[in-house]
Amino acid sequence: MMSGRRVVVTGMGSVNAAATGGAAVVAEALERRPSTIAPLKAFDLGASTSRLAAEVEEAAFMAKLDPDSVRRLSRICRMTLAACRLAVEEAGLEGGERVGLVIGSEYGDFRSGSEFFNGFVSRGPAGLSPMLFPSTVMNSMAAVAAIVLGAKAPSVTFNQATIAGDVAVARAAALIAGGRADAVVAGGVDEIFSDVYRNLVRLGALSPMGGGLPEGCRPYAPDHNGPVLGEGATFLVLEEREVARARRAAIRAEVLGAAWGGIPVAPHTAPAGRRDTRAIARRALGQAGVEAGSLARCYGAGNGDPELDDWEVRLLEADGVRDPVSLAPLFGQHGGLGALRVAAAALDARAARPPTLVHGIARGGCRTALVIGPAV
Amino acid sequence: MTRVVVSGLGVVSPYGAGVKTFWTGLAAGDCVIRPLTVFDTSGFRSRIAAEVPAEALAALAASRRRSRADRMALAAAREALADADLAKPDRMDMALVVGAVGGGMLEGEAWYWGELGGPPPAPDIGALRSILPASHADMLAWRLGLGGPRESVVMACASGAASIALGGDLIRSGVTPLVLAGGVDAITRICFMGFNALKLLDPEPCRPFDRARRGMSIGEAAAFVVLEDVEHCRGRRGRALGELLGAGVTTDAHHVTAPHPEGEGMRRAMTAALAAAGREPGDIDYVNAHGTGTPQNDRVEALAMARVFGEGRVLVSSTKSLIGHTMAAAGSVEAAATLLALGHGLIPPTANLRDPDPEVPFDCVAQTARPAGLRAALSNSFGFGGQNVSLIFGR
Chain Y
1 MMSGRRVVVT GMGSVNAAAT GGAAVVAEAL ERRPSTIAPL KAFDLGASTS RLAAEVEEAA
61 FMAKLDPDSV RRLSRICRMT LAACRLAVEE AGLEGGERVG LVIGSEYGDF RSGSEFFNGF
121 VSRGPAGLSP MLFPSTVMNS MAAVAAIVLG AKAPSVTFNQ ATIAGDVAVA RAAALIAGGR
181 ADAVVAGGVD EIFSDVYRNL VRLGALSPMG GGLPEGCRPY APDHNGPVLG EGATFLVLEE
241 REVARARRAA IRAEVLGAAW GGIPVAPHTA PAGRRDTRAI ARRALGQAGV EAGSLARCYG
301 AGNGDPELDD WEVRLLEADG VRDPVSLAPL FGQHGGLGAL RVAAAALDAR AARPPTLVHG
361 IARGGCRTAL VIGPAV
Chain U
1001 MTRVVVSGLG VVSPYGAGVK TFWTGLAAGD CVIRPLTVFD TSGFRSRIAA EVPAEALAAL
1061 AASRRRSRAD RMALAAAREA LADADLAKPD RMDMALVVGA VGGGMLEGEA WYWGELGGPP
1121 PAPDIGALRS ILPASHADML AWRLGLGGPR ESVVMACASG AASIALGGDL IRSGVTPLVL
1181 AGGVDAITRI CFMGFNALKL LDPEPCRPFD RARRGMSIGE AAAFVVLEDV EHCRGRRGRA
1241 LGELLGAGVT TDAHHVTAPH PEGEGMRRAM TAALAAAGRE PGDIDYVNAH GTGTPQNDRV
1301 EALAMARVFG EGRVLVSSTK SLIGHTMAAA GSVEAAATLL ALGHGLIPPT ANLRDPDPEV
1361 PFDCVAQTAR PAGLRAALSN SFGFGGQNVS LIFGR
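Quick note, the sequences are listed as chains Y and U, same order. Take 1 as the starting number for the first sequence in the working numbering and just add one per residue. Take 1001 as the starting number for the second sequence in the working numbering and just add one per residue.
Calculated directly from the structure, the hints in this document are not laboratory data. Note that the structure is a prediction, hence the values are computed from the model and not measured. By construction, the Cβ of each residue, glycine as well, lies at the ideal position given by its N, Cα and C atoms. Please note that a few of the clues may not be correct.
What the hints assert, rightly or not - With the Cβ distance kept under 8 Å, some of the chain U side facing chain Y (calculated, not the full set): (1) 1044; (2) 1048; (3) 1109; (4) 1112; (5) 1134; (6) 1154; (7) 1192; (8) 1196; (9) 1198; (10) 1249; (11) 1251; (12) 1253; (13) 1385; (14) 1387.
Isolated chain U (complex conformation) (with noise of 0.2 Å):
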């Protein structure tokens, strides 16, 4: 069977541009969830948030004309493939599987309103035309030179981890041997309100697998990575960063909004992931939780992860409670986590976590990183519609 190693990696945050500074912020436990500055945010339950920071998108090398998502996955799709160190020939058969779901809303929304406000002001088409969320991967295709498959996932919350086990497919199946794969997401009112709304969103930071959380908190962030034919990235000379062992997607259908009470999808992806890994539950060391800090998805999580792995056999953290919910972005941004933590035998902590839920018969990593000789590691990404998607990474 086809092996897919990672070859790259970019990742814009909230902790700022390029791979090192989001490592840094992971590292040090740093948690970026602050008041929302994007957008007016009074008479909500929640006004906090982790923004990438104004100065680091300001220092974007990508045109202010494109919208915020635009820029910010531009930016992280070109560190990927500058470290993966391909050439414009490699990009030519190069697939892009992209993960979204907001497109460009946040500049839609302020024409929208604009429309609604006064009489109608002349069509702008920037805005307009990039508001879907497939405009990234035409924009992206376009500036990068990526002639191979082209894809846009929605899967909800779960659409960048999606990106990366469907780019994997990719390889797999012999459609082309490299796959830039990953999810970008910027803050928009309409998920920071429809959140609000459903009365998910914690009015301070986030606190996954706390026994007091409330909630969840909002993030943005693009993060892609360079997946890879084993053998086309020896053949190149490449630097494997990791290996994708295996991916599982699964839904749960049950609910809309609701994970399926028992965590019935969330554990048949984990245990897709394994097989498709040919991996035991035992070979997993590290598990980077979906990790939302609602009091409902961190309790089935817990539930399926001890159906699958026992409970207490595997260390877990959630990267949410540093950066937020990344929306589309997470399961990439995470995937990039997970995969910098096996790189650095270092597991993230996480944060805000001060009294654990006895329902969450793990331990969590609470509020410092923890030294691990790590040898594979699991992520979960979970989304509305009962989407379930879990990676494997090895080192």
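Only chain Y is shown next, with the shape it has when bound in the complex (with noise of 0.2 Å):
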């Protein structure tokens, strides 16, 4: 177990380019896998060599706010607050001091930084907007989303590149356990914005990755060629197991483990010959009290990207575990997978299965590794 007081997921919401709802919504969309990469409709692309997009629609998440008090509000902000009230609900859980929220993400509200920047660059100094400035910040979706939900404990906003809502899991668990919080509402959200898309097609960080093989999100196969960009906000509501029982919460599975670390690697590779000492996966499987060949599955971090798929399987085979699962050909690769593949897990807790391992591996040596199982 964690060391710490134990941590049990009572609630999810998510809006995600399959799906968005709780539990049941994401259950389903996990069961039926519906085929949601297609052409990136978004904005023109002109002869850009990428074209495939994981897009969420706009109504999905609108039909769950209420239109007239997000008006001023970013879309990045709508689909988190979705989302976190999805989960909210879904966990019966109110605000307080003892609420907190952590939220991961990759880029931010990075259309609202355009377009301040745009105004002054139209405009000068009088086209700034103050109304957006604020927005320019990565902390913008947890400082509206904490005002909605009334979390009054840490809200902590982590920047990180493709593993960023795991991190926001496993740190969350982290809060509780230490006691900084009872309750926390964690994990990530990403959207596709055309500056961000464009620039990353001319870095070749998305599929074909300026091969010439077809475009597609492949993980782990032996024709993988990068990423596929996906968009949406997953939450889940983490409690301490007392908190959670005092209150006849329904609890639907527990962190068993949680571990994060740094392989220190050069900025942006991935290098599969690089062992990570500190054997983050065996270290989590530690703390679960779980052998790595009873696990019930993992969830590994593939997203095409071939020589981050192909590191992660390497690690993974070091930490005895093999043949990982990924999500991402569902749900393209975004801010919030990491939480919906710690939901995938949490939903597979309540067979009663054995636990599940929810793995990331970041180009740059970022990596986490949890492990949910049913509550005890």
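Mind docking these for me? Both chains are given alone in their own frames, and the hints should help you get the complex.
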């Protein structure tokens, strides 16, 4: 078990390309596996070599919000709010001084930052919008969500490539275990924004990464050739087990182990030969008292990036874990994907299966491992 | 409970590079808020800031291909590790928690401006890839060989203090005995323009706690501390510069940019830090205030301090009056200032404070540093999003 207090999952909410809703909706999407990756519709791509994305329909999350109350909020803040609300409603959680919020994001509200800057470029100082400026700081989603949720314990935003949601959930569990909060709404969010998408293409960061194979998201496959960008927000309600029991919350799963670390490699690289001396996955399994061979499954961070996929497989093998499963083909690569993997693992736990490992690795070496199992 | 000490310190500030330079400037009460030179400020209400001197930046042992912020971060982090006298094997398990907001945005803005102004240039991979706040941590972990947990915390102007609070948690929960924690921010156009747009910048060097204060001044810096389990520090015969006695982290959940009018979240952060430290308000001899110089912040912070400590019951000063508001770095820069004040028995002054605001019922150590026997001190950092962090250090 994790050191300190025990941490359980009591709710989830997700806004993603496949579905928008709570546990039942996410479970149905995982079961049905609808095709979500399609030609991008939000903006014109011109002659771009990448054209696919897993987009979220505006109407899907706006249906969960009061349009008047969110009319001044950016799109990414709206997605965040919708997912957070779904999660706390499912958990029956009310805000307070012991309720925290942890958000992971790779790009944050880049759209507002770009609009703010463009105002200056086009009109000089008079074109700067004081309304937009706060959204240029990556904690703007947390700022908005904390107000709506009444989350008055720590509200922390982590910026992290590829595994932002994983980092957020792992750290949220630690905040509860260490006593800084009794409940934390934790997850990740990103949106597809034209400037980000186009420049990722120019950097060769999206499928087909400048190669000639067909564009697509094929994690761990021999012909993987890059990630396909997705978007959305997924949040879980994590709670200290006795607090959840006291308020008779429905406990869906327990965070049995949580470890995170960093392998010091050059930024933006994924050297498959580089080992993790701290054996993060093994460490998390040790906390959970689970043998690698007895896991129900492992959800990996594999997103089709060939170097990252291969590195992840090798790192997991070194920790005794084989055959990771990726959810990137269903939801696309985005900051909420890690939280979706944790949600999937929590749903696995409903069937009283053996625990599931949720693994994360990013270029640059940031690594996470969460062991999720039925609450004991 | 595990005790956490500070065993290393590194600072790059508007005074220049190094802790010694930093303390010399603070102790002298030298305000270095001057005309901004990093980019054109024509047409803005405020045109001043506290920059890291060009000659100091040029002398940093870091490639000029790196972003301005990365160069500052690397120099400050290296100084902290050297100060702690940590061997390479110690670093393999060492965690890294970096408070950041702007990332490499200064260089990213220049790239973006070029994109808008003419035909697309070839993608400058370096500028784009270091634009995000997390790029600092990835670079630092690689260059310094840090193999423990790695986190990039974005909590607006409380980021640097939050990195120390969260870093201390990693040690207390047994994740690792060593953490390099701190914050970094270089001056960026977005930040400068944004605070100008909000009319939160004083055209003159900021005057925290002064009746005539008109806003803040922007600054830039990087500051890192080595946090260490006291037993680990003893075991390797390390030197403790001070102790992180406790930290409080709270959220207002009130308004995106404005603090709670009664300072409710600020008060809770200070109270939580005192509880974590096992100290009473009367045990705190000095508060290094958030003290931005905006009319609203200073009034509300004073209200919150009065509720926690009682009016006039503690000495207060603002480092921002000397080196500006260094954004994501501010919390760690001011943690360093607080530790140095404890070590030297000298409280850095609040510069430019000539007419104390009667709504601030504290002795704010105006103009000149003051010797004082300090047992414990508290450092406040607050930010957009109602983020509140209070750190308590002891000798």
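For each hint, the structure was consulted:
Contact between residue 1044 of chain U and chain Y, as hinted, is supported at the beta carbon level, the nearest pair being about 6 Å apart and thus within 8 Å. Taking 8 Å as the C-beta cut-off, the interface hint given for residue 1048 of chain U is violated, the closest approach to chain Y being about 15 Å. Taking 8 Å as the C-beta contact cut-off toward chain Y, the hint placing residue 1109 of chain U at the interface holds, the least distance being around 7 Å. Here the hint on residue 1112 of chain U is kept, as its CB sits about 7 Å from the closest CB of chain Y, short of 8 Å.
The restraint placing residue 1134 of chain U at the interface with chain Y holds, with a minimum CB-CB distance near 4 Å, inside the 8 Å limit. The restraint placing residue 1154 of chain U at the interface with chain Y holds, with a minimum CB-CB distance near 4 Å, inside the 8 Å limit. Below 8 Å, beta-carbon pairs count as interface contacts, and residue 1192 of chain U has none with chain Y, the closest being about 10 Å; its hint is therefore violated. A distance limit of 8 Å between C-beta atoms decides the matter here; for residue 1196 of chain U the minimum to chain Y is near 7 Å, and the interface restraint holds.
Here the hint on residue 1198 of chain U is kept, as its CB sits about 5 Å from the closest CB of chain Y, short of 8 Å. A distance limit of 8 Å between C-beta atoms decides the matter here; for residue 1249 of chain U the minimum to chain Y is near 4 Å, and the interface restraint holds. Interface restraint check for residue 1251 of chain U: the shortest CB-CB distance to chain Y comes to about 4 Å, inside 8 Å, so the restraint holds. Taking 8 Å as the C-beta cut-off, the interface hint given for residue 1253 of chain U holds, the closest approach to chain Y being about 5 Å.
A cut of 8 Å between beta carbons decides the hint on residue 1385 of chain U: the least distance to chain Y is about 3 Å, and the hint holds. Annotation: interface hint on residue 1387 of chain U holds; nearest CB of chain Y at approximately 7 Å, less than 8 Å.
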